[in-house]
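Chemist: Work out the full structure, taking the sequences as your base and the hints as a guide.
Taken in order, these protein sequences are the chains called F and V. Note that the first sequence ends on residue 680 in the working numbering; no numbers are left out. Note that the second sequence ends on residue 516 in the working numbering; no numbers are left out.
To be clear, the hints were calculated from the coordinates, so they are not data collected in a lab. Some clues are possibly wrong.
What the hints assert, rightly or not - Dumping the calculated EDC-like pairs for lysine to aspartate or glutamate here, alpha-carbon to alpha-carbon at most 16 Å: (1) F:K250 <-> V:D247; (2) V:K177 <-> V:E489; (3) V:K160 <-> F:E333.
What the hints assert, rightly or not - Sample of chain F residues facing chain V (criterion: CB under 10 Å; computed from the structure): (4) D221; (5) P233; (6) N234; (7) G242; (8) R491; (9) V573; (10) D613; (11) G614; (12) Q631; (13) K634; (14) R651; (15) L655.
As the list claims (entries may be wrong) - Residues of chain V placed beyond 12 Å of chain F at every Cβ, according to the derived structure: (16) Y203; (17) Q213; (18) K280; (19) S427.
This structure is a prediction, so every number in the text was calculated from the model and none was measured. Backbone N, C-alpha and C define an ideal beta-carbon position, used for all residues, glycine too.
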Amino acid sequence: MSPKSLSPRLQDLKNEIEGYAKRLGLDFFQTVFEVLSYDELNMVAAYGGFPNRYPHWRWGMEYEQLSKGYEYGLSKIYELVINNEPCYAYLLESNAEVDQKLVMAHVYGHCDFFKNNFCFAHTNRRMVDEMANHATRVRRWIDRIGLEKVEEFVDRGLSVENLIDYHAPYIRRNPDPKRTEEESKSNERVEGFKVDREYMRGFVNPREFIEAQRRKVEQQKIKSKKFPERPQRDILLFLLDHAPLEPWEFDVLSIIREEAYYLAPQGQTKIMNEGWASYWHSTIMTTHALKDYEIIDYADHHSGTMGTRPGSLNPYKLGIELFRDIEDRWNKGRFGKEWDECDDLRARRAWDKKLGQGREKIFEVRKHYNDVTFIDTFLTPEFAIDQKLFVYGYNEKRNVWEIVDREFRKVKNKLLHQLTNFGQPIIEVADGNYDNRGELLLTHKHDGQDLKADYARETLKNLQSLWRRPANLITRYEGKGVMLRYDGQNHSEKKVDL
Amino acid sequence: MKIHQDHSRFKEIVRGKIKANLRKYVQKGEMIGKRGKDVISIPIPFIDIPHFKYGHKEQGGVGQGDGEVGQQLAPGAVQPGAGHQAGSAEGDHALEVDVSLDELAQILGEELQLPNIERRGKEKIIAQKVKYTGINTTGPESLRHFKRTYKQALRRQIALGAYDPKVPVIIPTREDRRYRSYKLQNLPETNAVILYMMDVSGSMGDEQKEIVRIESFWLDTWLRHQYKGLECRYIIHDAVAREVDRETFFHTRESGGTMISSAYKLCKEIIKADYPSSSWNIYPFHFSDGDNWSADDTRFCIEMLRNDVLPAVNQFAYGQVESPYGSGQFIKDLREAIGESENVALSEIADKDAIYQSIKDFLGRGK
Chain F
183 MSPKSLSPRL
193 QDLKNEIEGY
203 AKRLGLDFFQ
213 TVFEVLSYDE
223 LNMVAAYGGF
233 PNRYPHWRWG
243 MEYEQLSKGY
253 EYGLSKIYEL
263 VINNEPCYAY
273 LLESNAEVDQ
283 KLVMAHVYGH
293 CDFFKNNFCF
303 AHTNRRMVDE
313 MANHATRVRR
323 WIDRIGLEKV
333 EEFVDRGLSV
343 ENLIDYHAPY
353 IRRNPDPKRT
363 EEESKSNERV
373 EGFKVDREYM
383 RGFVNPREFI
393 EAQRRKVEQQ
403 KIKSKKFPER
413 PQRDILLFLL
423 DHAPLEPWEF
433 DVLSIIREEA
443 YYLAPQGQTK
453 IMNEGWASYW
463 HSTIMTTHAL
473 KDYEIIDYAD
483 HHSGTMGTRP
493 GSLNPYKLGI
503 ELFRDIEDRW
513 NKGRFGKEWD
523 ECDDLRARRA
533 WDKKLGQGRE
543 KIFEVRKHYN
553 DVTFIDTFLT
563 PEFAIDQKLF
573 VYGYNEKRNV
583 WEIVDREFRK
593 VKNKLLHQLT
603 NFGQPIIEVA
613 DGNYDNRGEL
623 LLTHKHDGQD
633 LKADYARETL
643 KNLQSLWRRP
653 ANLITRYEGK
663 GVMLRYDGQN
673 HSEKKVDL
Chain V
150 MKIHQDHSRF
160 KEIVRGKIKA
170 NLRKYVQKGE
180 MIGKRGKDVI
190 SIPIPFIDIP
200 HFKYGHKEQG
210 GVGQGDGEVG
220 QQLAPGAVQP
230 GAGHQAGSAE
240 GDHALEVDVS
250 LDELAQILGE
260 ELQLPNIERR
270 GKEKIIAQKV
280 KYTGINTTGP
290 ESLRHFKRTY
300 KQALRRQIAL
310 GAYDPKVPVI
320 IPTREDRRYR
330 SYKLQNLPET
340 NAVILYMMDV
350 SGSMGDEQKE
360 IVRIESFWLD
370 TWLRHQYKGL
380 ECRYIIHDAV
390 AREVDRETFF
400 HTRESGGTMI
410 SSAYKLCKEI
420 IKADYPSSSW
430 NIYPFHFSDG
440 DNWSADDTRF
450 CIEMLRNDVL
460 PAVNQFAYGQ
470 VESPYGSGQF
480 IKDLREAIGE
490 SENVALSEIA
500 DKDAIYQSIK
510 DFLGRGK
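Modeler: Here you go:
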């Protein structure tokens with residue numbers, strides 16, 4: 183790849199936009215723009231935004247789809263930006279000037295978000311280098327072990343990459359102090375044989391014997407101790423700690439885990455991040471950067487990005503609207519006890535305390551919230567009606583997707599549910615020595631939705647090969663408890679009571 | 150670019166998947182998706198990496214827009230994995246990959262271990278092709294090479310000192326002119342024709358025809374891979390035979406009796422009229438349920454095959470599709486009479502599963 187530095191014209195534009203962004207209060211790392219041709223951009227996009235990743239066919243698949251989409255004129259990548267210090271962002275060589283400006287303005291929004299949002303506080307800001315190192319490490323293993331073997335292992339690792347503890351970077355999961363206390367209290371009292379006459383005790387149960395008994399009990403206790411002691415969410419970590427991995431396997435799996443943790447915050451803040459960036463490109467462009475003759479093109483592209491379709495939720499649209507709504511509410515003082523308790527519709531509609539705290543508030547929001555708390559705190563019934571939000575579901579009888587409900591509570595709950603844990607099932611490792619046979623036992627915290635059965639079985643297969651012993655998963659299908667099992671050769675399932 | 154490595158690895162995997170599932174694709178022929186000119190797209194299962202995730206239909210989601218409760222969403226409006234993860238969502242549906250027919254034929258050949266076909270009369274069949282290879286000082290004006298002419302003129306004017314950089318006017322003379330010149334090249338070209346014959350009498354049902362259609366797709370694919378410029382002719386017959394186009398061939402249903410000799414006679418005539426065996430590779434394929442009108446007619450068939458058809462063609466192939474009404478006698482008669490000939494391939498196709506083996510029977514000899 184041959185990144186071209188910015189042409190003088192683009193450099194001028196960059197300085198101009200950067201100036202607006204700074205003046206409006208955005209706070210970002212130094213941002214480096216690179217200009218790429220479309221297939222280079224497709225490559226970077228296929229690599230998830232990075233110029234360099236470890237070799238894997240999945241990027242190739244992504245690349246093929248992107249290239250096709252571009253060649254058929256179906257899709258076009260507008261912006262790519264990496265959470266890194268300095269931030270790297272890419273411009274498409276063939277884009278018109280107004281598009282380049284729009285992308286730059288959008289990118290500064292993202293950079294500000296990366297730097298300030300709490301979710302990203304723990305991420306590695308040298309990830310571009312780190313990813314390149316990962317690539318080198320994996321390549322080296324491939325040279326030594328062989329492509330097929332490493333690739334197969336990466337496939338397996340990627341299959342469980344979502345089994346991490348998304349909250350781990352922010353909290354400490356200490357072992358429960360109460361339980362350890364209880365355990366030490368019930369410290370073993372080894373009795374030995376029953377003694378009828380007190381003076382015989384020393385003979386019937388000599389000290390060495392008692393000691394031996396005590397050791398036996400202790401060992402038994404260690405053995406029967408469950409591991410992990412409490413169900414663990416970070417299954418990748420559990421595998422790294424306890425699975426019988428070869429050194430190269432350990433290395434590769436830890437790379438996968440590290441990248442999964444790095445990428446997690448972007449998933450946790452998709453709506454906010456895109457909303458924030460869109461808010462700022464819109465603000466910068468319409469109040470500062472646009473020339474008269476660019477208006478039409480800008481409007482065209484902006485509305486393209488904001489477009490919605492009934493069956494999906496556009497994070498750009500939802501995010502920008504919610505930020506604007508918050509700004510408006512805090513400008514007019516539509517919050518707090520008085521506002522909440524006001525039932526007079528007319529008064530509510532005319533409510534304006536001229537507080538002018540909107541800007542300040544949204545800056546605060548972009549710092550302290552993620553998608554879940556953002557929606558939970560700021561999605562109001564009025565907003566849901568304005569934005570025409572609804573819940574859709576699958577109608578088995580008619581074999582179609584249809585609108586199920588427009589009631590605010592249900593919409594919000596569904597939305598929150600989708601966002602919690604990335605809308606992925608919560609799965610924990612319950613036992614690494616299940617049945618006292620060294621088998622792996624996972625449990626799915628069922629919340630009303632069944633797992634996709636064929637995928638679950640395939641994933642279980644991958645877990646089995648990582649763990650090298652049979653892997654089991656307890657879940658529910660159609661309300662009944664089921665334990666899925668893969669023993670290395672066969673899949674099986676049996677009913678369990680939950 | 151680095152990605153090309155990953156990209157070709159991906160393609161390799163796709164190829165492997167197709168190969169592994171070839172038997173299934175062969176059986177279903179039709180499941181092979183939309184066909185472009187030289188490309189077909191094949192759905193392959195499970196190329197993505199499995200995760201623990203919710204069943205899509207379980208999930209539903211939140212959408213945005215107009216509509217009453219209970220209103221149906223437009224088909225295709227709901228994208229698998231839609232919701233907040235739009236963009237990075239992997240699809241629920243099988244991945245469709247484009248494969249060129251040539252590549253598909255290669256895969257077929259590798260998997261069925263088909264030998265490359267030994268062409269007949271390779272040396273004899275010659276076509277001439279015009280190729281522009283050089284530059285000449287004479288030629289028609291329509292072939293004048295402007296750039297070379299200009300260069301020549303420039304060179305001459307500089308050498309003569311007649312070139313003035315301030316007034317760079319170049320005037321080519323007659324001698325400066327250069328023309329493209331061509332050479333006639335002799336290209337060994339191999340022509341091939343497939344003559345499909347099918348029994349459309351009452352006893353051939355839709356299922357039997359489906360088998361023929363699927364099989365013919367694979368035969369086409371392979372022979373097209375072997376010969377550039379393959380022609381196909383279609384003959385249907387019950388008691389009489391006639392030549393039809395492809396569409397009619399697969400969709401006609403007649404009733405009544407069967408006289409196989411009628412088809413062979415027409416086949417013989419077509420070969421004689423259009424495809425001299427000295428310059429054509431000829432492949433008659435005949436499909437029937439094996440029920441002929443009479444023993445006399447069968448005898449007549451065999452006679453015709455022996456005397457006229459077999460000497461002219463690369464390979465004569467007969468595929469007998471099992472049907473509940475047919476006696477299946479014809480293949481036995483053929484086997485007895487000409488089964489020993491080296492350019493005869495006979496195959497019994499019991500059901501769709503048997504197509505795979507039957508292709509091998511037909512193409513496995515490299516004729």
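Chemist: Decide, hint by hint, whether the structure agrees.
Modeler: Now the hints, each set against the structure:
no. : hint              : verdict
1   : F:K250 <-> V:D247 : holds (11 Å)
2   : V:K177 <-> V:E489 : violated (32 Å)
3   : V:K160 <-> F:E333 : holds (14 Å)
4   : D221              : holds (7 Å)
5   : P233              : holds (9 Å)
6   : N234              : holds (7 Å)
7   : G242              : holds (3 Å)
8   : R491              : holds (6 Å)
9   : V573              : holds (6 Å)
10  : D613              : violated (17 Å)
11  : G614              : violated (18 Å)
12  : Q631              : holds (5 Å)
13  : K634              : holds (4 Å)
14  : R651              : violated (19 Å)
15  : L655              : holds (8 Å)
16  : Y203              : violated (5 Å)
17  : Q213              : violated (4 Å)
18  : K280              : holds (32 Å)
19  : S427              : holds (46 Å)
Hint compliance for this structure: hints 2, 10, 11, 14, 16, 17 are broken, all remaining hints hold.
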